[in-house]
Amino acid sequence: MIEVRELTKRYGSTLAVDALSFNLRPGTVTGFLGANGSGKSTTMRLILDLDRPDAGQVRIGRQRFGELRWPLREVGSLLEARSFHPGRTAREHLAALAASNAIPRRRVDEVLDLVGMASAAGRRAGKFSLGMAQRLGIAAALLGDPPVLLMDEPVNGLDPAGVHWIRDLLTSLAAQGRVVFVSSHLISEMALMADRLVVIGQGRLLADTTVAEMSAGAPSLEAAFLAMTEASTEYRTTSPADGRADWPTSPGRTSSPAPTSRKEGSS
Amino acid sequence: MTASAARIPGGHYGFWHVARMEWIKLRSLRSTWWTLVIAAAGAIGIGVAVGINTRNAAGDLTNNALAGIVPSLLLIGVLGALAVTSEYSSGMIRTTLSAAPRRPLLLAAKAAVFGAAAVTVGEAASFMAFFAGGATLRHGIPAPALTQPGVLRAVLLSGVSFGLIGLIGLGLGAMVRHSGAAIGVVIGGVYVLPTIVGQVAHGLGVYMPIVIIGNSLTTTKPQLCPAHADYCPHFLSAWAGLGLLGLYTAAALAAGGWLLARRDA
Numbered sequence: 229m230i231e232v233r234e235l236t237k238r239y240g241s242t243l244a245v246d247a248l249s250f251n252l253r254p255g256t257v258t259g260f261l262g263a264n265g266s267g268k269s270t271t272m273r274l275i276l277d278l279d280r281p282d283a284g285q286v287r288i289g290r291q292r293f294g295e296l297r298w299p300l301r302e303v304g305s306l307l308e309a310r311s312f313h314p315g316r317t318a319r320e321h322l323a324a325l326a327a328s329n330a331i332p333r334r335r336v337d338e339v340l341d342l343v344g345m346a347s348a349a350g351r352r353a354g355k356f357s358l359g360m361a362q363r364l365g366i367a368a369a370l371l372g373d374p375p376v377l378l379m380d381e382p383v384n385g386l387d388p389a390g391v392h393w394i395r396d397l398l399t400s401l402a403a404q405g406r407v408v409f410v411s412s413h414l415i416s417e418m419a420l421m422a423d424r425l426v427v428i429g430q431g432r433l434l435a436d437t438t439v440a441e442m443s444a445g446a447p448s449l450e451a452a453f454l455a456m457t458e459a460s461t462e463y464r465t466t467s468p469a470d471g472r473a474d475w476p477t478s479p480g481r482t483s484s485p486a487p488t489s490r491k492e493g494s495s
Numbered sequence: 448m449t450a451s452a453a454r455i456p457g458g459h460y461g462f463w464h465v466a467r468m469e470w471i472k473l474r475s476l477r478s479t480w481w482t483l484v485i486a487a488a489g490a491i492g493i494g495v496a497v498g499i500n501t502r503n504a505a506g507d508l509t510n511n512a513l514a515g516i517v518p519s520l521l522l523i524g525v526l527g528a529l530a531v532t533s534e535y536s537s538g539m540i541r542t543t544l545s546a547a548p549r550r551p552l553l554l555a556a557k558a559a560v561f562g563a564a565a566v567t568v569g570e571a572a573s574f575m576a577f578f579a580g581g582a583t584l585r586h587g588i589p590a591p592a593l594t595q596p597g598v599l600r601a602v603l604l605s606g607v608s609f610g611l612i613g614l615i616g617l618g619l620g621a622m623v624r625h626s627g628a629a630i631g632v633v634i635g636g637v638y639v640l641p642t643i644v645g646q647v648a649h650g651l652g653v654y655m656p657i658v659i660i661g662n663s664l665t666t667t668k669p670q671l672c673p674a675h676a677d678y679c680p681h682f683l684s685a686w687a688g689l690g691l692l693g694l695y696t697a698a699a700l701a702a703g704g705w706l707l708a709r710r711d712a
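Chains as they are written, first to last, in this note's numbering: chain H, 229 to 495; chain P, 448 to 712.
Warning: the hint list may mix true and false statements.
Covered by chain P, per the in silico footprint, the following chain H stretches (three or more residues, Cβ under 8 Å) [to be verified]:
#, region
1, 265-279
2, 294-303
3, 307-314
4, 327-333
Just so you know, the hints here were simulated from the structure itself, not pulled from any lab data.
For each residue, glycine too, the CB sits at the ideal point set by N, CA and C.
Chain P extracted, bound-state conformation:
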């Protein structure tokens, strides 16, 4: 067609090209690093605080050391939402789609990169929180070891939960598109809703993402009820919880991807 058209190489852009773009975009924002560092530091700090104050050697010490995971996930969920919504608020989305117009591919690459980053930070934070929380135990309580039943699973799944909550946030961000609204939906849907559901319908509470993470993924053994509890919820097993959380994540990404592909950008 023209002189310059002849220089267009063979092949076509694909997942890895778009993933490289998304990785450069993610790492080149200072806010990414600050948020991840604060989330990790929060998880470790809470683990230490709980470790220092633990008096009951019979409790789930691993779950105690991982007590900071759920609060930290709030930041990860919001960061995931902002990974999409900031494209709209800044106008970057126009540029992104002019480089990679296949929208489901774009969302898949963005999710893969963000999910991998979140899991990496999550694993680092979980292991550090576990060791720091164990090391600061007092009153002669022995630190839990990774070789004890269920401990390694709990620590690993804590890290995985960073990726899953981050991607739920990312999917919600793709659905809502507006930063403020998306942050509200993430906080409301992931944090506030479980509290309400837990009050209104006890039985459903255990299916809420945060309850799954706090009471299924980060535990070494089934949660026992206090002696005089009126009601004892049947928390999901760690693997069932992981599966359900994975389904929520897939649903959020699928809905976000479907809307991204259908709507005007």
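So that you can see chain H by itself, here it is in the shape it has in the complex:
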């Protein structure tokens, strides 16, 4: 069980995560949904102690991430695909990680096989495509066979076969009794993969529910998501006039604020 309690994080004057609380249960895939900039990645970073929260806490079992005895054996994580040195081979990258948590060396080849990278194990990671980089990241997350998996956008860059593979992988890992927490922009993907959903907007919790409950009463999960996040979504890219309110405008010309919002499929 992972408990996120009143988690709050500011970057300068921006409130990235705002008193966020939710629980993650073993045996379920929990989808983490939110628009761009809603605080999903920041929340993941806070859970992993990469960033320090301004308030609130995360408990993994009874501990903070930084207090775990064997971090890789307790929590597997994938944040961004390219979280490795480009000059190191896939096998060396994983071997280094394995050494840090006393994970047997044979496990490196096991996870390379598992993610379908056995033939690329000796290649330097900087040459990998985004899909390959993503698979290496997933291999690193699985290295310690952990009971908790946190993945930020794991389907990014994967081809359709890869998307299908990760969906099956994550649902089977959850079926084994693990906590699986996956963020994605792809709502349709979440509808297929997740049991539960945590939805946030502007760093605040909008819903902590099941996929079935959220899609009930709406034409689709996507429609339900858009309706829920509409009010709380902050748009950064709008008209050129935006953010220049204090500039003197020449007489006869008025700057109009952007009337419509823009949505993007990926960051």
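Chain P: place on chain H using the hints.
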């Protein structure tokens, strides 16, 4: 809690686990080997060049043979900085901290591994430079021997200086985090600053790391001033210099570790 949680073994990860990770990381990059080989070759090559051109048998022949140490240290300092900053530029830091989140422990292990590698290469380079520089002496000048007073100390401390400058670079890298900026700080702080300080305040020049290495650690006897020098600096003794350089190293690592522990990664 779950089926897989039961398989988590007792004990916890510690210094040696993290040090093993750092050793695999260090040795698995080609750039590490190239940089170390070039640094050693540079130190030896300069020793040979100085040996061939030495005409004054009364000079400190050991110090002459070790003349390539200070230039080579530039590479070691930069390599130390990159050992940390490349983690940030590549994104590897996220993975590293997900495996070993105790940051002071991480920096200690990284410093121990890098420092040991740098000292090993430094000792090899120093001894080879000493023997090569001695062997190429001409004009009937006899090669210095390790048994002469202060010679073994000078050669050994030359090797140690690789570790110390490497770790100063590593500490600065942990403070600055950006590769380009860190390289600038290492070159500026360790190489350029002494020149400026030496010009502006003669008395302080002798406390600069590079001056300590060039004029205290790699010498067999106190440096004598030329006959008509306007000003004769009082260089530190080898052991005082070593102590001060050790303090600089400790300060750089402590500051780097403190910032690493406090800042968002």
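Requested in this report: Count the residues of the region 294-303 of chain H whose CB lies closer than 8 Å to any CB of chain P, then report whether that count reaches three.
Outcome: holds (count 9)
Query - Three-residue Cβ test at 8 Å for the coverage of the region 327-333 of chain H by chain P - result: Answer holds; 4 residues pass the 8 Å Cβ test.
Query raised in the report: With a Cβ-Cβ cutoff of 8 Å, does the region 307-314 of chain H contain at least three residues near chain P?
Result: holds (count 7)
Query raised in the report: Do at least three Cβ atoms from the region 265-279 of chain H come closer than 8 Å to Cβ atoms of chain P?
Result: Since three or more residues must qualify, the claim that chain P covers the region 265-279 of chain H holds, with 5 doing so at under 8 Å.
Consistency note: the structure conflicts with none of the earlier hints.
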